[in-house]
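Chains as they are written, first to last, in the numbering used here: chain A, 66 to 157; chain B, 15 to 284.
Misleading hints may appear alongside valid ones.
Reference listing, derived: stretches of chain B covered by chain A, where coverage requires no fewer than 3 residues with Cβ under 8 Å from a Cβ of chain A [as the list claims (entries may be wrong)]: (1) 30-42; (2) 51-57; (3) 110-122; (4) 187-193; (5) 222-233.
Please keep in mind that the hints were generated in silico from the structure rather than gathered at the bench.
Since the model is a prediction, treat every value here as computed from it, not as a measurement.
Yeah, the Cβ is synthetic: ideal placement off N, Cα and C, and Gly gets one too.
For reference, the chains in residue letters:
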Amino acid sequence: MSINVRIPAPLRKLTDGQSDVSADGATVTSLIDDLEQRHPGLKERLCDDNGGIRPFVNIYLNDEDIRFLDGANSKLNDGDLVSIVPAIAGGS
Amino acid sequence: MDFSEEEIERYSRHIILSEVGGEGQQKLKDAKVFMVGAGGLGSPAALYLAAAGVGTLGIVDLDVVDLSNLQRQILHATPDVGRDKVESAKETLLAINPNITVNTYTERITSANVLDIIGNYDIVMDGSDNFPTRFLMNDACFQLKKPLVSGSMFRFDGQVTVLRGHEPDDPCYRCLYPEPPPADLVPSCQEAGILGVLAGTVGVLQATETIKLILGQGEALVGRLLVYNALEMEFMKVKYRKNPKCLLCGPDPQITELLDYEISCTLQQH
């Protein structure tokens, strides 16, 4: 199974600058674990110490916020697009 | 309609649009828009709102114009370096459209003054450069039931959305992002850098949403986050909803007064 993952600019240091990477996982949780294997350091930026997704990082499955699906347990299908979108605050 | 001949000619390309017309142009003239920041996002947005004939613009900014601002903050020009940004902004805006009123506020916006400052405005446009102000504007707009047109940027990325958490089905900023990141996870302004023209794209999208709200035309960018990446030239729209657990606008609110988060960006100007 291959999931296409969109990496936001602040995290691309961890993916050798790539904005799109592939990873596997039946759920968002297992996808994040697989991402961590491929790009060490990524999980820490997405999840807090208890494994919960940080409140200032949003994860979208296709165009739906997983918070309004099944959260980290949301199921993934081959070909899904997962987008990581952190809060950004620049304006000046 | 109370327009002079000069105004009718000035706004003729608006008035000819059936979606605007004289009635819509009058709505623009009657509208009062408050802008947080006369910087990267505030500059292009204010220029277009002024040109469009938005009758009253309020602008808050504490900073003075710095040479390093001019790469993107197009309200200001080289001779303005060292001047208060709001003064420079006012001069530029009135030169484009002397028919409008520009109110300036040279102060830091805090929980103590925000309600008084924005109370007289219809719509707030957030072009601030830090999370504490973004959460404060969200909470204040929720309290006062004002739409908040939010734009933000980082390096080559931008985000735009319209927040109306006071409406029963519409989300607020805390529905989108429940909490600000801790200060140590926010890259410093200097580290981040910003593609100057990105500010134009994001600010103009905010101005577009603001004008749509005033006119009551089209579909507001509510419950949808527009994510723009300049390098890939990609616009992605994702959905979000009113969070039933939202501490501000949910059914069991825990945040009932305005909070001042610590400002995490230590640089005054960037």
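Okay, the hints, checked on the actual structure:
no.: 1; hint: 30-42; verdict: violated (count 0)
no.: 2; hint: 51-57; verdict: holds (count 5)
no.: 3; hint: 110-122; verdict: violated (count 0)
no.: 4; hint: 187-193; verdict: holds (count 4)
no.: 5; hint: 222-233; verdict: violated (count 0)
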